[in-house]
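**Student:** Each chain is listed here by its residues.
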Amino acid sequence: MRRIMVGVKRVVDYNVRVRVRPDNTGVVTEGVKMSINPFDEIALEEALRIKEKGLADEVLAVGIGPADAQQQLRTALAMGADRAVLVQTDASVPPLSVARIFRQLIDKEQPFLVLLGKQAIDDDNGQAPQMLAALWDRPQAVSCSKIEIADGKATVTREVDAGLEVLELDLPAVMSVDLRLNEPRYVKLPDIMKAKKKPLDTLALGDFGLTDASAFKTVRVDPPPQRQKGIMVKDVAELVDALKKKGLV
Amino acid sequence: MSKILIVAEHDGARLNPSTSKCVSCASQIGGGSIDVLVLAADGSAVASQAAEIAGVGKVLVAENAANVEPLAAVLAPQVAKLAAGYTHVFGPSTTFGKDLMPRVAALLGVGQVSDIMAVEGSHAFKRPIYAGNAVLTVEVPADAVVVATVRVASFAAAAQGGNAAIEKVDPGVALPAHTRFVSRSSAATGRPDLQSAARVVAGGRALGSADGFKIIYALADKMGAAVGASRAAVDAGYVANDLQVGQTGKIIAPELYLAIGISGAIQHMTGIKDARTIVAINKDGEAPIFEAADIGLVGDLFAIVPELEKQLGS
Numbered sequence: 012m013r014r015i016m017v018g019v020k021r022v023v024d025y026n027v028r029v030r031v032r033p034d035n036t037g038v039v040t041e042g043v044k045m046s047i048n049p050f051d052e053i054a055l056e057e058a059l060r061i062k063e064k065g066l067a068d069e070v071l072a073v074g075i076g077p078a079d080a081q082q083q084l085r086t087a088l089a090m091g092a093d094r095a096v097l098v099q100t101d102a103s104v105p106p107l108s109v110a111r112i113f114r115q116l117i118d119k120e121q122p123f124l125v126l127l128g129k130q131a132i133d134d135d136n137g138q139a140p141q142m143l144a145a146l147w148d149r150p151q152a153v154s155c156s157k158i159e160i161a162d163g164k165a166t167v168t169r170e171v172d173a174g175l176e177v178l179e180l181d182l183p184a185v186m187s188v189d190l191r192l193n194e195p196r197y198v199k200l201p202d203i204m205k206a207k208k209k210p211l212d213t214l215a216l217g218d219f220g221l222t223d224a225s226a227f228k229t230v231r232v233d234p235p236p237q238r239q240k241g242i243m244v245k246d247v248a249e250l251v252d253a254l255k256k257k258g259l260v
Numbered sequence: 019m020s021k022i023l024i025v026a027e028h029d030g031a032r033l034n035p036s037t038s039k040c041v042s043c044a045s046q047i048g049g050g051s052i053d054v055l056v057l058a059a060d061g062s063a064v065a066s067q068a069a070e071i072a073g074v075g076k077v078l079v080a081e082n083a084a085n086v087e088p089l090a091a092v093l094a095p096q097v098a099k100l101a102a103g104y105t106h107v108f109g110p111s112t113t114f115g116k117d118l119m120p121r122v123a124a125l126l127g128v129g130q131v132s133d134i135m136a137v138e139g140s141h142a143f144k145r146p147i148y149a150g151n152a153v154l155t156v157e158v159p160a161d162a163v164v165v166a167t168v169r170v171a172s173f174a175a176a177a178q179g180g181n182a183a184i185e186k187v188d189p190g191v192a193l194p195a196h197t198r199f200v201s202r203s204s205a206a207t208g209r210p211d212l213q214s215a216a217r218v219v220a221g222g223r224a225l226g227s228a229d230g231f232k233i234i235y236a237l238a239d240k241m242g243a244a245v246g247a248s249r250a251a252v253d254a255g256y257v258a259n260d261l262q263v264g265q266t267g268k269i270i271a272p273e274l275y276l277a278i279g280i281s282g283a284i285q286h287m288t289g290i291k292d293a294r295t296i297v298a299i300n301k302d303g304e305a306p307i308f309e310a311a312d313i314g315l316v317g318d319l320f321a322i323v324p325e326l327e328k329q330l331g332s
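Residue numbers (our numbering), protein chains in the order written: chain A, 12 to 260; chain B, 19 to 332.
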């Protein structure tokens, strides 16, 4: 079975303007819309397209999070994933532990490709794909904007500061995806009904026997420093004057 | 006593300014030594540039033909091996460091602090989360190696004038052949580098087309500025991806940022928060960009931008 494993994280929807809790322990998540991390949605879409080209047989969506994360996995199934696994925990799971969980699942599921979002838009860490590739001792391609699979190899284009970089990787490999890789499909109502019958297994975090002595402590969370609201000018001449006063032109 | 190792970013000939900013960050930890590690095929030119950064104790050079391109899978095992004895291992939060450092951390069996924006102690740091809408203060256990990326927009370049010793090192680890470099393409423009430019002129979706974007280039050239763009302008194909500014593009801190036809989505604002002065030009007076702008001008950008270019010339 040629299998692709995809990570699906439940995060605060990207349209929500997050607010820091008054007690500075985190951000307000109660009553806030939750969604699939947008980069993970792109990873899933890419996996589905690879399968639709006949280059894979199964797409497995893996989530790590609370029981409610089943909602995002159901959405993944409705988009077209064949089955899903939720590693259930109410605790916050740091990227190294995420990588260790995926590493264990890889032994069981034997994927030829693991597709993950390049970062989750809550913690903005951008670490799990590279950590997984290290623990698995396999190639990594970060921030992919094009993926081509042929003959046990992948040719990927990735977005780097200098422009675009092309790498050739032996499979299996881990890839993290960027925004311009594809545009994820919309879920149709009949697919949501069908998704209810697809297998969604739940595992307990305890099954993975993780002990992370290097886990970080959250000291506090603060709102960012605010910029002062500036002045409005009415035309170009005033703008040029204002820039000159600041010594900027 | 801290002992800090910084992984140098370079293109084989020139040291990237991001390395000097990592040294600034490291020097705030204080009370220890700072070494820079250059991994290259031929590291002599880059090593001598690194040796000139004030505050650097030693420059370690690991030369290997396999290091000619910065492949994370090839560099990470070397960095992990050479990290022995160090309390901190830093890299820049650029696409180079973001690719490499988590792989190093995993090989060392520790977590990573991404995007350090402030140093609160030898093991405590501030970093942005939720696209910069919150700031997390995080503490690494005292006995763990601190692997981190440094948000380069948060730190000034370290002073020059150093004279560090340069020492060749051989990590002596087996390197994988499973990842191969094919090519790199960049829309080289001859303009200042977006990441380090003092002035940036950026355009958004309102420019309407690649052709419409020409007035941005003209103004930028008049001002000696770099060109940037919003995600919307990149997605629409007006400009190349390497011009994108924001949460998923470049995080920049110029003296002057001109946002032209950019509405100011949260994800864009996170990329320009550290700009000294933000100027917004937009036809929609209600656009969120005006909340953060130091100087705002409402109007038709296709009239304003050429006029601005003209008036700046006189």
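Think of the hints as simulated: they come from the structure by calculation, not from any bench. Errors might be hidden in some of the hints.
As the list claims (entries may be wrong) - Quick list of in silico lysine-lysine cross-link-like pairs, DSSO-like style, CA-CA up to 27 Å:
#, chain 1, residue 1, chain 2, residue 2
1, A, Lys255, B, Lys301
2, A, Lys245, A, Lys256
3, B, Lys76, A, Lys257
4, B, Lys21, A, Lys257
5, A, Lys256, A, Lys62
6, A, Lys255, B, Lys76
7, A, Lys164, A, Lys207
8, B, Lys301, A, Lys240
9, A, Lys255, B, Lys240
10, B, Lys291, A, Lys255
11, B, Lys76, B, Lys21
12, B, Lys301, A, Lys256
13, B, Lys328, A, Lys245
14, B, Lys76, A, Lys240
15, A, Lys257, B, Lys301
16, B, Lys240, B, Lys186
17, A, Lys257, A, Lys62
**Student:** Evaluate each hint against the coordinates.
**Tutor:** Against the structure, the hints come out as follows:
| no. | hint | result |
| --- | --- | --- |
| 1 | A/Lys255 x B/Lys301 | holds, 23 Å |
| 2 | A/Lys245 x A/Lys256 | holds, 16 Å |
| 3 | B/Lys76 x A/Lys257 | violated, 41 Å |
| 4 | B/Lys21 x A/Lys257 | violated, 41 Å |
| 5 | A/Lys256 x A/Lys62 | violated, 60 Å |
| 6 | A/Lys255 x B/Lys76 | violated, 44 Å |
| 7 | A/Lys164 x A/Lys207 | violated, 35 Å |
| 8 | B/Lys301 x A/Lys240 | holds, 18 Å |
| 9 | A/Lys255 x B/Lys240 | holds, 15 Å |
| 10 | B/Lys291 x A/Lys255 | holds, 22 Å |
| 11 | B/Lys76 x B/Lys21 | holds, 11 Å |
| 12 | B/Lys301 x A/Lys256 | holds, 24 Å |
| 13 | B/Lys328 x A/Lys245 | holds, 17 Å |
| 14 | B/Lys76 x A/Lys240 | violated, 45 Å |
| 15 | A/Lys257 x B/Lys301 | holds, 24 Å |
| 16 | B/Lys240 x B/Lys186 | violated, 45 Å |
| 17 | A/Lys257 x A/Lys62 | violated, 57 Å |
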